[in-house]
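Protein chains in written order, with the numbering used here: chain C, 1281 to 1474; chain S, 1281 to 1474.
The set of hints was computed from the structure by calculation and includes no laboratory data.
Bear in mind the structure is a predicted one, so any value in this text is a computation, not a measurement.
Worth double-checking, as some hints may not be accurate.
Claimed, not checked - Computed cross-link-like contacts, PhoX-like style, restricted to lysine-lysine with a CA-CA straight-line distance of at most 25 Å:
hint, chain 1, residue 1, chain 2, residue 2
1, C, Lys1409, S, Lys1406
2, C, Lys1449, C, Lys1406
3, S, Lys1432, S, Lys1449
4, S, Lys1406, C, Lys1282
What the hints assert, rightly or not - A few chain S residues facing chain C, derived, Cβ under 7 Å:
hint, residue
5, Cys1395
6, His1401
7, Gly1446
8, His1452
9, Glu1459
Glycine residues also receive a C-beta, built at the ideal position from the N, C-alpha and C atoms.
There are 2 protein chains.
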Amino acid sequence: MKRIITISREFGSGGRTIAKQVAENLGYAYYDKELIEEIAMETGFSKDYIEKRGEYASGTNIFSYAFIGRSPNGSSIEDQLWAKQQEIILHLAEKGNCVIVGRSADYILRNHTDCLNVFIHASTEKKVKRIVEVYGETDVAPEKRLRDKDKKRAANYRYYTDRHWGQAKNYHLCLDSGEFGLDGCTKIICELAK
Amino acid sequence: MKRIITISREFGSGGRTIAKQVAENLGYAYYDKELIEEIAMETGFSKDYIEKRGEYASGTNIFSYAFIGRSPNGSSIEDQLWAKQQEIILHLAEKGNCVIVGRSADYILRNHTDCLNVFIHASTEKKVKRIVEVYGETDVAPEKRLRDKDKKRAANYRYYTDRHWGQAKNYHLCLDSGEFGLDGCTKIICELAK
């Protein structure tokens, strides 16, 4: 039985919903916004700031903080946040059975053998349909919203882990949610966690 | 029910064995060496030559054939072989239920909705153990044998499909055979094909 399940996901693939369902089905703790809150409390950063920076920050942003955002030891706010996230995720993994969404948890917990690392993706067509249904239309074309968000996730992951985001070898299991459906993916993950 | 299952795999991951087991379990035709033979017969290339070139040729090799290996219309032997493989895979897919290993079949059949595309991978440690068990030791270190073979597969795939090999989004399902075992992977694929 896997004690920890990490779920990485493309924006619009329904990975967060699947993660929530998996946590419910298995009776596991679920960490996502909750995780952000915990980081926010510990670091004193505002919740909004962390939500934007925590997962989407890329190495390039560091330069814009060169003068205004450096601590006395010279590390950027992003670097401090990364270190803090790492610490908290390791702590949560010790605490008990859980499902963790995003935040490069697959990499942070790479040495944990009781961890199942999952990646959820879908075709652009399916993701466009989903984000318009779930989040509604905006001034920005849905294809561009998808691209922008995942580009930032990929850059952040690449910068801090030196791996390529969405590469099958980083995960035990990768699923196309457009093919299997959200409930189908939930079922597969729950069965394989056992 | 999926009529066609394509299995792409890292060298040493046991993907070929899994494919064979899936074909047996589902009562599907299995194409791998058989496919090569068919190509060989149709094209008149020797079987050995195709086995080496069919999947491992990369774009860069084309230059070495610039003078000795071009047909009157200017396409290289690799290009002709790629076109022929494509033709044969499309034909096999029409013919009946089947499992096809490698040969970029996931890309060639990308417009077939009755196709389940699978990628099998494993950690270097597990793959090293497996290739030494299955193929024995050679003068070349197993890590290098793994790297060389997959590098060629990746280059070939990239050249002809313009996609990145081993990227989760190219497949409906990616499995770590070191995590789930060969029999475990076979079971998952058979269940999801239904």
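Verification of the supplied hints:
1. C:Lys1409 to S:Lys1406: violated, 40 Å
2. C:Lys1449 to C:Lys1406: holds, 24 Å
3. S:Lys1432 to S:Lys1449: holds, 20 Å
4. S:Lys1406 to C:Lys1282: The hint holds at about 20 Å.
5. Cys1395: With Cβ-Cβ at 10 Å, over 7 Å, it is violated.
6. His1401: Since the shortest Cβ distance to chain C is 5 Å, the answer is holds.
7. Gly1446: holds, 5 Å
8. His1452: holds, 4 Å
9. Glu1459: holds, 4 Å
This entry does not satisfy hints 1 and 5, going by the numbered hints stated previously.
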